[in-house]
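Asker: Assemble the complex: chain A is given as a structure, and chain B with the ligands must be docked to it using the hints.
The listed protein sequences derive, respectively, from chains A and B.
Take the first sequence: its position 273, counting from 1, is numbered 306 in this note's numbering, and each next residue is one higher.
Take the second sequence: its position 134, counting from 1, is numbered 310 in this note's numbering, and each next residue is one higher.
Don't read these hints as lab results, they were simulated from the structure.
One thing to keep in mind: the hints can contain errors.
Claimed, not checked - Just a sample of chain A residues kept apart from chain B, beta carbon distances all over 12 Å, derived: (1) K91; (2) G146; (3) K149; (4) E180; (5) Q220; (6) L253; (7) E260; (8) S312; (9) R336; (10) Q349; (11) G351; (12) R394; (13) S410.
Said to hold, decoys possible - Straight-line distance between alpha carbons at most 20 Å, and here's what the computed EDC-like set of lysine to aspartate or glutamate pairs gives: (14) B:K402 - B:D483; (15) B:K217 - A:E289; (16) A:K393 - B:D183; (17) B:K324 - A:E390; (18) A:K393 - A:E356.
Stated by the list, open to error - Output of the computed footprint for chain A on chain B, the stretches with three or more beta carbons under 8 Å from beta carbons of chain A: (19) 207-217; (20) 220-229; (21) 321-330; (22) 457-468; (23) 560-571.
Positions of the beta carbon are idealized from the N, C-alpha and C atoms, including for glycine.
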Amino acid sequence: MSICFRKGVRGGYLFKNIQGTPKANFEEMKIPKYVVIPFTQGFGEQTKPLVNVGDKVKAGQMIGKGDKGISSPIHATVNGKVREIREIEYRGKKTLAAIVDSDSSTEVVTLDGAKKDLSKFSQESMSRLLYLSGVTSLGATGLPTLEASSSLSMDKVKFLVVSALETQPFAIPTGLVYQSKVSEICQALQALQKFYKDIPVYVGVSQKDKKFAQSLRDSLSQSKNIEIHVLSHKYPQDFPEILTETLTGVCVPDGEKPDSVGSVVLDIADLMAVYHALSEGMPLVSRWISLGGSGYKENKLVRVRIGTPASEILAQFGKPGVETRFLLGDPLTGDVAQDLALTPVGREIKSTSCIEEDAKRHFLFFMRPGLRADSYSRIFASSYLPLEKKLDTNLHGEHRPCIQCSYCEDICPRPLLPNMLHRYCSHGMAEEAKGLRLMGCIECGLCSYVCPSKISIMRDIQKGKEELKKEL
Amino acid sequence: MLRKIFDLHYKMLEKYPSLRPFKPLIDAGDNFFYGTPHTTKEKPYIREGVDIKRFMIMVLFAVLPAAIASVYFYGQRAILVILASYIIGGLTEVIFCIVRKEEITEGFLITGILYPLILPPTIPLWMLSVGIIFGVIFGKEVFGGTGKNPFNAALVARCFLYISFPLYMTGGAFVEPYPNSIAIENNKPVFQGLGGFTSHRGLFSHEIKNGKFDAMCEATPLAKMKELRLKVAEQGSTPEDYQKYMNYVKTSLPNLFWGYRSGSMGETCAVLLILGGIMLIAMKVANWRTILSTILGGAVCSFFFYDANCLSDKLYLMAFTLLSGGFLFGAIFMTTDPVTGPITQTGRYFYGFAIGCIALLIRRFSGYAEGIMFSILLMNIFAALIDEIVIMVRYRGVKK
Ligand code: SF4
Ligand code: SF4
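Here chain A stands alone, though its shape is the one from the complex:
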């Protein structure tokens, strides 16, 4: 019914020149003193703990495995002893987590059955290895295997969609990071394509990474059915729903994840995890995360052990003496960390942001030229000058009633009217809003970001959605 835009996202917003965008500097983080490992990570339900308090664990040892429902195994990520198993809040949900004190040794237990040549795997052995390494919990809806690792069963997989672009404000061009890993990526891609019985594979690359797209094309020139497309760099082009619609031309129904049309969405980091799992038997114990935002001393990419608490990251990389807010994820969709010592970087976290807390009152703020302010409108001088723009937690204005400027409608990546949805939902009329495709909202947060009346449109929409779900 709705029209899909093959060329790219409808509306959307291009974040340019944001202060605190990571540079392509890489650093390995030291093994932390302790890690917090939630038993719910990535896609899937909570797994059952296999260890008890006081047990010795090794990095790479499986400590959680689901017995029913969809889930993938959870691994310890450091060598040491389980100090505590308790409930924590992780990404806005309560979950059980193991706190493991580490002895700062770096060895990792690998899995058996790894083969250097990825084309030699049989379907069963590959499925087993992917599942046991925990890789299957990555991606938007998990990686379907013969085990119960995804909401999609293996024979229903129709496309593999790979996102090689990241469009959030603090995104570092993917091509810059993975330029030297092209051959690994291609091997993983081909292995997965074979694994899913030669389904079509679509790769979306940002227009900023033309060179990367070219090298991918060169090394995949022999493979059939792998398409590489260069897409616009507008946020939220890399959302699984949008990416699936753009690349495959198939519409994802409102309120559904891309698995409803048989699409498996992965990103390049996930492909690298697949590669390491298959070629080295490496379980998911560490990953690269980007440090974005002006609250960090230096913005770069670091490799951390999964479960490293936010407090350790901030102690090592944060700017001292500045009040900051730590977000798990990008600044638009990231969750704020309540208790830094108990907020881990889980396996699905790609980026962390640390933005400055700004409760200062700026004298005559609205009359200033606004050299550092980012805005959708072109009111500020920053729109005409090549200056770095700053993002902080200030609201930058008072709450006002909606003035119907329609910025939200212009910028929404779905054909929605966020202002109407807000109007209905904030008055408890979610039923009405449903007729305006309330469920089609993918919660990208852009409408709240641009609203000059500072209305939290997305919060209202979320409330409305919950109301609808309750009624069902």
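Answerer: Relative to the frame of chain A, chain B with the ligands by itself:
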């Protein structure tokens, strides 16, 4: 320094509870000079820099050239009129907010300057005050203040005056602008010296008709054109009549463009209005959809409504209708008032087009010389209906 004053006020508020009602006033001042101390509480945790104050101030900056031109053309009295509008209207707004214990919002910043600019230069100050009080109360406050008003407050105020005191709002109320016509007839440049900047004729008087106001009354170009056209349309009109009609249209075009003509204070100088409009569109403050479709609607209708002997005459007429009267001012500053227009972007095309058409319809077929005010007010009513239809069509397949 300023900070201290505000803090002092807040302390006084705490000490004397009887002063409580004035809190909105102090809040408004405080918020005006200092940005907000609030930080984000919900996702997303970052917000962009534009707020309503900035948004509104930009409209003010865009209309400022036209306001300055009004001083140039009509003397220092224009300043007085604008000030009076701000003070009286602002007071009304403040009183309402205090009574209702609400925050004072920025909406009046715009109404306060747009309103005097669409009045004749000779408007008596008391009448102006009555108008703005009516406009603020019945155009805005009864509906719940800025953001909820279905009508453009400035237009409601003007409409009220137009109907209550037609004598002061039509015909003789319009005077010839500075520099006066003698300079023009002698082929001197139109822009000469300081124009009205140095004149304080009739500052406080409204006795213009008795000669205290030393400019000549002059019909607006639209009224003159209407008169000439009627003559052409009459039985037994001669080719000379037609010639006269077209001559008038042609010769007045440059004056219309540069603003040398009689009319409401701010609406005369087309070039400054167009510049303001371009500025607003470039900054994404005004919606280009409304502006363009209004102008398009006006152009199309003027093409069909006004007869002429050849195409070039028709084009002259079209340019004349678009530049004359309050059409440009309305299209750029009144139709784009986002609150009173439709919500949907698609709706804005229809809204604008209808405004342009209805304005021309009124001009051509009714007794009024100018129709843009009525057409905008009329379409304000239908804005919600347009939205309804657009939404119905767009979401027709969605299951409830
Ligand atoms: S951006 Fe905010 S003020 Fe503008 S239309 Fe949307 S909700 Fe209303
Ligand atoms: S949060 Fe939802 S309504 Fe808002 S812009 Fe994103 S998709 Fe549109």
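Asker: Are all C-beta atoms of chain B more than 12 Å from that of K91 (chain A)?
Answerer: holds (37 Å)
Asker: Closest CB-CB distance from S410 (chain A) to chain B, is it above 12 Å?
Answerer: S410 (chain A) not clear of chain B: closest Cβ-Cβ about 4 Å, inside 12 Å.
Asker: Is K217 (chain B) close enough to E289 (chain A), meaning Cα to Cα at most 20 Å?
Answerer: violated (27 Å)
Asker: For the pair supplied as a hint, K393 (chain A) and D183 (chain B), is the alpha-carbon distance within the 20 Å limit?
Answerer: holds (15 Å)
Asker: Are the Cα positions of K402 (chain B) and D483 (chain B) separated by 20 Å at most?
Answerer: holds (13 Å)
Asker: According to the definition I'm using, a residue is off the interface if its beta carbon is farther than 12 Å from all beta carbons of the partner; does Q349 (chain A) meet that for chain B?
Answerer: holds (22 Å)
Asker: Would the least Cβ to Cβ distance between G351 (chain A) and chain B come out above 12 Å?
Answerer: G351 (chain A) is indeed farther than 12 Å from all Cβ atoms of chain B, at 17 Å.
Asker: Is the Cβ of Q220 (chain A) farther than 12 Å from every Cβ of chain B?
Answerer: holds (37 Å)
Asker: Under a C-beta cut-off of less than 8 Å, do 3 or more residues of the segment 220-229 of chain B approach chain A closely enough to confirm the stated coverage?
Answerer: holds (count 10)
Asker: Measuring Cβ to Cβ, find out whether S312 (chain A) lies farther than 12 Å from everything in chain B.
Answerer: Answer for S312 (chain A): holds, closest chain B Cβ roughly 38 Å.
Asker: Going by Cβ atoms, does E180 (chain A) stay more than 12 Å from chain B at every point?
Answerer: holds (33 Å)
Asker: Please check whether the beta-carbon of K149 (chain A) is more than 12 Å away from every beta-carbon in chain B.
Answerer: Holds, because the least Cβ-Cβ distance between K149 (chain A) and chain B comes to about 44 Å, which exceeds 12 Å.
The structure shown violates the earlier hints numbered 12, 13, 15, 17.
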